[in-house]
Amino acid sequence: MAEFKQEDALIRLENVFKIYQTGETAVHALDGVTLDINRGEFVAIVGASGSGKSTCMNIIGCLDVPTSGSYHLAGEDVLAMNDDAKAKLRNKTLGFIFQQYNLIPKLNLCENVELAMLYAGMSAGERHKRSLQLLEQVGLADKANNVPSQLSGGQQQRVAIARALAGEPAVILADEPTGALDSQTGREVLGYLKLLNNEGRTIILITHDNAIARQAQRIIRLEDGKIVYDGQPDSPEAVVQAEVQA
Amino acid sequence: MDIKHALGVALRNLQANKIRCAQMLLGMVIGVASAVVILYMGSNLMQGVSDFYSAYSPSLMYMGVYTSVEKSPRVTVGDMEGLIASSEYITAVSPLVSVEDCNLRYNGETLADAQIKGVSEQFLQMKPACQAAAGRFLQPLDISRRQKVCVIGSAVAEELLGCQNFEDALGQTLKIRGENFTVIGVLAEIQPDLEKGNYESYIPYTTAKQLTGEIIAPLQEDYYLDIYYVNLNSVDNIINGRDTVRALLAEVSGRPYGETTGLFSLSTRTSQKYDRECVMGLVGKLLGVSGIVLLVGGVGIMNVMLAAVSERRREIGIRKAFGANNPDIRRQFMLEAFYTSGFGALLGVLIGMPAGWLVCQFMGSVPIGYAGELMINPDLLDLSSLLWPAVAASAAALLLGVLFGYLPARKAEQLEIVDCMRE
Chain A
26 MAEFKQEDAL
36 IRLENVFKIY
46 QTGETAVHAL
56 DGVTLDINRG
66 EFVAIVGASG
76 SGKSTCMNII
86 GCLDVPTSGS
96 YHLAGEDVLA
106 MNDDAKAKLR
116 NKTLGFIFQQ
126 YNLIPKLNLC
136 ENVELAMLYA
146 GMSAGERHKR
156 SLQLLEQVGL
166 ADKANNVPSQ
176 LSGGQQQRVA
186 IARALAGEPA
196 VILADEPTGA
206 LDSQTGREVL
216 GYLKLLNNEG
226 RTIILITHDN
236 AIARQAQRII
246 RLEDGKIVYD
256 GQPDSPEAVV
266 QAEVQA
Chain B
93 MDIKHALGVA
103 LRNLQANKIR
113 CAQMLLGMVI
123 GVASAVVILY
133 MGSNLMQGVS
143 DFYSAYSPSL
153 MYMGVYTSVE
163 KSPRVTVGDM
173 EGLIASSEYI
183 TAVSPLVSVE
193 DCNLRYNGET
203 LADAQIKGVS
213 EQFLQMKPAC
223 QAAAGRFLQP
233 LDISRRQKVC
243 VIGSAVAEEL
253 LGCQNFEDAL
263 GQTLKIRGEN
273 FTVIGVLAEI
283 QPDLEKGNYE
293 SYIPYTTAKQ
303 LTGEIIAPLQ
313 EDYYLDIYYV
323 NLNSVDNIIN
333 GRDTVRALLA
343 EVSGRPYGET
353 TGLFSLSTRT
363 SQKYDRECVM
373 GLVGKLLGVS
383 GIVLLVGGVG
393 IMNVMLAAVS
403 ERRREIGIRK
413 AFGANNPDIR
423 RQFMLEAFYT
433 SGFGALLGVL
443 IGMPAGWLVC
453 QFMGSVPIGY
463 AGELMINPDL
473 LDLSSLLWPA
483 VAASAAALLL
493 GVLFGYLPAR
503 KAEQLEIVDC
513 MRE
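Just so you know, the sequences run in chain order A and B.
Counting in the numbering used here, the first sequence runs from 26 upward without gaps.
Counting in the numbering used here, the second sequence runs from 93 upward without gaps.
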């Protein structure tokens with residue numbers, strides 16, 4: 026594999042299509058998306074539901090494969106990788122935060138946070154120590170032995186942030202992380218993301234909420250699987266139109 | 093994939109759904125428990141078989157001549173004893189005359205359990221356990237003179253004569269069918285005594301024949317008898333010994349050699365082998381049944397695991413999103429199946445060990461081949477004889493668990509992350 030050069034974009038999508046064949050009609054969830062995201066950026070991908078932003082995130086996160094096009098992550102051709110190599114990428118390079126938190130209900134907070142470390146092969150003792158540190162960072166160390174259902178939504182999302190950080194990922198992918206939260210807790214979660222960005226991590230935030238998106242340094246707006254805007258968050262073009270939203 | 097992590101997840105899933113857990117484990121538990129009982133019983137019976145035969149010479153052949161068939165061979169003692177000289181395989185011959193329905197009486201006391209057998213002095217070679225602890229065994233002169241002498245079992249000496257010291261029994265007079273018999277020897281105690289050998293007493297076969305009141309020839313060589321013990325020079329010559337006897341029977345009965353098979357029955361160490369096979373067959377059939385139960389248990393685990401995989405799609409998706417590769421997921425579910433069947437095996441063993449013991453306490457005896465009613469020895473309860481059935485049955489359950497866990501585990505690893513996370 027090619028050596029990753031500093032001047033290369035961390036994430037490079039070129040002419041990516043994702044086409045779902047449903048009977049007669051072909052749905053273009055992504056319709057020729059090309060984009061570069063550099064190290065340390067805080068990018069919001071916005072769009073109405075069905076615009077393809079979730080598909081875009083799934084592909085960037087190596088959770089899904091495009092129908093055609095190319096995708097390079099840190100200089101490496103993701104589409105040429107086998108399942109095992111992609112699992113390693115998800116384990117070490119990527120960190121996910123989901124709208125529905127997606128904590129495993131039967132595991133306690135520590136065990137949830139430990140997932141990435143578990144699959145990285147870290148010893149149990151070390152995993153536990155580090156998961157406690159991470160929970161400490163999100164202010165939930167005292168609840169380490171609780172299960173997710175004993176926590177509020179905001180607390181669960183903070184656990185999810187701690188979990189996303191467990192593998193020391195370069196990229197944090199957050200899919201509507203504030204979507205299920207009230208605005209106060211939402212701001213709190215966003216605060217954590219900004220903090221992580223300040224530490225040098227690349228943040229990719231998926232949202233349909235303009236107020237949230239404006240917190241990012243750069244907005245990529247998708248409509249019907251195409252990029253219709255890519256630039257500063259203060260442009261009127263960046264926002265999702267109210268009628269489209271409704 | 094961490095083994096401890098998988099164990100924790102497996103236990104929590106078992107705990108969370110108790111009815112499903114019971115459904116999943118029932119087959120395994122019953123299968124393992126029954127296998128433990130059967131294997132324990134089987135090893136007990138095997139022990140019984142070897143104990144039964146240990147009293148006899150390993151190269152003993154027992155021959156019964158069928159006297160009720162047409163042109164039945166009339167084999168005399170002389171014919172049979174002649175084989176010792178003419179055959180290189182046969183080293184000793186003794187007739188066996190059982191004195192049926194007869195009590196032993198001493199000073200007005202009666203011993204009902206006594207068995208009285210008429211044999212020749214050569215019988216000692218065939219049943220080395222008949223060594224006299226006091227006095228002597230029968231001798232040729234006792235036979236030829238039809239002496240009213242007897243060699244008694246140790247239990248007879250103790251219970252009927254009340255002798256702690258066997259020497260005291262010598263010279264005492266017993267009554268057999270109203271006739272007085274002098275005790276000339278007491279046999280050493282047989283341990284363990286599964287066929288009541290300690291209650292047996294031996295008298296000369298000539299005397300026994302006289303007791304039964306049958307008219308007999310003046311010379312003992314001319315006695316026609318039905319049952320003979322034949323001792324061979326080696327266990328390996330059982331076939332040769334049998335053929336020698338067959339040739340004699342063909343000669344005596346005037347039938348062609350090939351038509352002698354219906355004239356006699358033979359049992360020997362081959363009968364021990366046969367009896368072992370009987371036990372094996374019995375155990376095998378029973379094990380087959382518990383094997384089927386185990387198999388059903390395995391299918392139960394598979395079904396429940398398959399359901400669990402569908403239910404836990406999201407969990408699988410999350411695990412994959414955080415770096416689990418396909419083998420990690422497969423291992424997790426296979427470990428869960430392994431732990432579950434292990435849990436089932438443990439329960440099965442906990443039920444099966446006491447159950448096996450109980451069964452052997454109350455079962456009494458089992459009819460097995462030539463050994464006849466073989467007593468199950470309830471004292472044969474050392475931990476090791478219960479332990480290996482437990483280990484074997486558990487191993488089978490664990491193996492099945494892993495085999496049947498494979499399909500659900502494959503299904504789990506093949507799930508696509510996006511499909512898992514969709515709903």
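For the record, the hints were derived by calculation from the structure and aren't laboratory data.
Any given hint could be a false lead.
Stated by the list, open to error - Quick list of in silico lysine-lysine cross-link-like pairs, DSSO-like style, CA-CA up to 27 Å:
(1) B:Lys365 with B:Lys377
(2) B:Lys365 with A:Lys117
(3) A:Lys168 with A:Lys154
(4) B:Lys240 with B:Lys288
(5) A:Lys117 with A:Lys219
(6) A:Lys154 with B:Lys377
(7) B:Lys96 with B:Lys377
(8) B:Lys110 with B:Lys96
(9) B:Lys267 with A:Lys113
(10) B:Lys96 with A:Lys168
(11) B:Lys503 with B:Lys110
(12) A:Lys154 with A:Lys117
(13) B:Lys209 with B:Lys267
(14) B:Lys96 with A:Lys117
(15) B:Lys209 with A:Lys131
(16) B:Lys365 with B:Lys288
(17) B:Lys377 with B:Lys209
(18) B:Lys110 with A:Lys131
(19) A:Lys113 with A:Lys131
(20) A:Lys113 with A:Lys154
(21) A:Lys117 with A:Lys131
(22) A:Lys131 with A:Lys168
(23) B:Lys267 with B:Lys288
(24) B:Lys267 with B:Lys240
(25) B:Lys209 with B:Lys110
(26) B:Lys96 with A:Lys131
(27) B:Lys96 with A:Lys113
As the list claims (entries may be wrong) - Here chain A is said to cover these stretches of chain B; the calculated rule only asks that three of the stretch's residues, wherever they fall, bring their Cβ under 8 Å from a Cβ of chain A:
(28) 169-178
(29) 203-217
(30) 482-494
(31) 501-514
For every residue, glycine included, the Cβ atom is placed at its ideal position computed from N, Cα and C.
Consistency of the hints with the structure:
no.	hint	verdict
1	B:Lys365 with B:Lys377	holds, 18 Å
2	B:Lys365 with A:Lys117	violated, 65 Å
3	A:Lys168 with A:Lys154	holds, 14 Å
4	B:Lys240 with B:Lys288	holds, 23 Å
5	A:Lys117 with A:Lys219	holds, 21 Å
6	A:Lys154 with B:Lys377	violated, 55 Å
7	B:Lys96 with B:Lys377	violated, 39 Å
8	B:Lys110 with B:Lys96	holds, 21 Å
9	B:Lys267 with A:Lys113	violated, 94 Å
10	B:Lys96 with A:Lys168	holds, 22 Å
11	B:Lys503 with B:Lys110	holds, 24 Å
12	A:Lys154 with A:Lys117	holds, 19 Å
13	B:Lys209 with B:Lys267	holds, 15 Å
14	B:Lys96 with A:Lys117	holds, 22 Å
15	B:Lys209 with A:Lys131	violated, 75 Å
16	B:Lys365 with B:Lys288	holds, 22 Å
17	B:Lys377 with B:Lys209	violated, 37 Å
18	B:Lys110 with A:Lys131	holds, 15 Å
19	A:Lys113 with A:Lys131	holds, 25 Å
20	A:Lys113 with A:Lys154	holds, 22 Å
21	A:Lys117 with A:Lys131	holds, 24 Å
22	A:Lys131 with A:Lys168	holds, 15 Å
23	B:Lys267 with B:Lys288	holds, 20 Å
24	B:Lys267 with B:Lys240	holds, 10 Å
25	B:Lys209 with B:Lys110	violated, 64 Å
26	B:Lys96 with A:Lys131	holds, 15 Å
27	B:Lys96 with A:Lys113	holds, 22 Å
28	169-178	violated (count 0)
29	203-217	violated (count 0)
30	482-494	violated (count 0)
31	501-514	holds (count 4)
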